[in-house]
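The primary structure of each chain is shown beneath.
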Amino acid sequence: MGRPEAAAGAFAAVVRRDVRAALRRPAEALTPVAFFVVVAAVFPLGSGAGPATLAAVAPGALWVAALLAALLSLDRLFREDLEDGSLDQLLLSPHPPALLAAGRIAAHWLLTGPPLLAASVPVAVLLALPPRSIPILLGALALGTPTLSLAGAIGAALTTGVRGRSLLLPLIALPLLVPVLIFGALAVRAAALGVSAAGPLYFLAALLALALTLAPFATGAALAVGAE
Amino acid sequence: MFRRYASPRHFHDLCGRLLPWLGWPCAALMAAGLWGGLVAAPPDYQQGEAYRIIFIHVPSAWLSLLVYAAMASAAAAGLIWRTRVAEAVTIACAPIGASFTFLALLTGSLWGKPMWGAWWVWDARLTSELVLLFLYLGIIALHGAIPDPRKAARACAILAIVGLVDLPIIHFSVEWWNTLHQGQTVFRLDGPSIHPSMLAPLLLMAAAFTLFFAAVLLMRVRCELLHRERRRQWVREVRA
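Each protein sequence line maps, in turn, to chains B and P. In terms of the working numbering, the first sequence opens at residue 1 and continues consecutively. In terms of the working numbering, the second sequence opens at residue 1 and continues consecutively.
Incorrect hints may appear among the rest.
[As the list claims (entries may be wrong)] Over 12 Å on every C-beta distance to chain B, these chain P residues come out as not near it, computed from the model:
# : residue
1 : 40
2 : 107
3 : 111
4 : 118
5 : 137
6 : 151
7 : 203
[Claimed, not checked] Interface residues of chain P toward chain B, partial, derived using beta-carbon atoms under 10 Å:
#  : residue
8  : 39
9  : 43
10 : 125
11 : 126
12 : 127
13 : 132
14 : 144
15 : 173
Everything labelled a hint here was simulated from the structure, so no lab data went into it. From the three backbone atoms N, C-alpha and C, an ideal C-beta is built for every residue, glycine too.
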């Protein structure tokens, strides 16, 4: 068996293991999505429920909620593996840490991304977003949430096994996630106004391409530092 | 020759020898720049005396970026060569950079109230500077949270480099977001082309701030090295 096949096999094994482990505890896997819905539903209570106010706040509120949900779930990304020692076992394998990090991130997105996309449709209706903007919202979330997982994983890896981790992670990860928030909200706002959202969507795609190429390496390096 | 200074002991001694050569010129340049800016330069024809805060504000803003570049370079050097000196430089840069960033934000806010009529606007530059402050605070907090100094330094180095990649993206995306939002109100911090009587003190102050950064950096690096190597023989000799 050649090296590329072995690497692909290791990647698939990591993804399969994580997805299987999460599916055995479906309630825990769906907590971030429930959190997303609750945060998005709290915004109208704080900002006044008039349709005009809501429509102005909705794109930002949706994205802030998605970002907070991602942070909540990223906190757990490597923690249990560190506690039960399987992180050390993964890093002892002959495969590069970046590959294993990529597998974990892929599994994280598979478990949080699609449910969040599904939940965003009723939430968009709750927030009085015009129906014509919902396809753009789904597209923007499909492009943006993988970037949240990728860039946030760097922060998660850096703070794994660190004192006060749950407060440190937002401080470290939020600045990295600001561009996704900006372009995601811009796309939804443009769609709500009925103008072309192509520009922000292209930027979201560009951010995703950049994060895909760089974030696994940074995450792998951070995990290697933590496991020393 | 340079390898010699990768040893904490030699770097500690080198810093001690360099400090007076940085400190005194810094004091002289700052005195000249402050006199030139606060006394010699004429009041601005539009902003009156209030513009004089730029002699603090603009060098702070420049330094906030320069310090980040220095920190990220030291971080890369520390990750590649694993030298303790580069790790100490990375850690020593973060609080200095955060202070300059905070000073730039504070002076900008003080200037903005009489000029723009608001303490804070979500202008692209202000927002990028704020995110820069968060990046610095993240690095300081991460360093504080990891007890092992070498591990902490390497984790901070990774974060610093990730931030370096992210900073231009943040700046660019914030600018894009801002232009769509407040296209009518274009704030220009640089204003019309600056008169030589104001430019000279500004450059003097920028040079003084840079020397100040270098001097404070060397002091902090010395402390950091002494603290990290406190159980080594050379530190006992230095102390004796």
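Quick rundown of the hints versus the structure:
1. For residue 40/P, the shortest C-beta to C-beta distance to chain B comes to about 40 Å, beyond the 12 Å cut-off, and the non-interface label holds.
2. Listed as a non-interface residue, residue 107/P keeps its Cβ farther than 12 Å from every Cβ of chain B; the least gap is roughly 22 Å.
3. At roughly 25 Å from the closest C-beta of chain B, the C-beta of residue 111/P stays outside 12 Å, upholding its exclusion from the interface.
4. Here residue 118/P stays apart from chain B, with its beta-carbon at least about 20 Å from theirs, past the 12 Å limit.
5. Here residue 137/P does not stay apart from chain B, with its beta-carbon only about 6 Å from theirs, under the 12 Å limit.
6. With a minimum CB-CB distance of about 6 Å to chain B, residue 151/P fails to clear the 12 Å threshold, and the non-interface call is violated.
7. The non-interface label for residue 203/P is consistent with chain B: the shortest C-beta to C-beta separation is roughly 31 Å, beyond 12 Å.
8. Interface restraint check: residue 39/P against chain B, minimum CB-CB distance 40 Å, threshold 10 Å, status violated.
9. For the restraint placing residue 43/P at the interface with chain B, the shortest Cβ-Cβ distance is roughly 38 Å, beyond the 10 Å limit, so the hint is violated.
10. With a cut of 10 Å, the hint placing residue 125/P at the interface with chain B is violated, because the nearest CB-to-CB distance is about 15 Å.
11. Nearest Cβ of chain B to the Cβ of residue 126/P: about 14 Å, over the 10 Å cut. The hint is violated.
12. Here the hint on residue 127/P is kept, as its CB sits about 9 Å from the closest CB of chain B, short of 10 Å.
13. Checking residue 132/P against chain B by beta carbon gives a least distance of about 8 Å; that is within 10 Å, so the hint holds.
14. A distance limit of 10 Å between C-beta atoms decides the matter here; for residue 144/P the minimum to chain B is near 9 Å, and the interface restraint holds.
15. Because the smallest distance between the Cβ of residue 173/P and any Cβ of chain B comes to about 4 Å, under 10 Å, the interface hint for this residue holds.
Checked against the numbered hints given earlier, the structure breaks hints 5, 6, 8, 9, 10 and 11 and satisfies all the rest.
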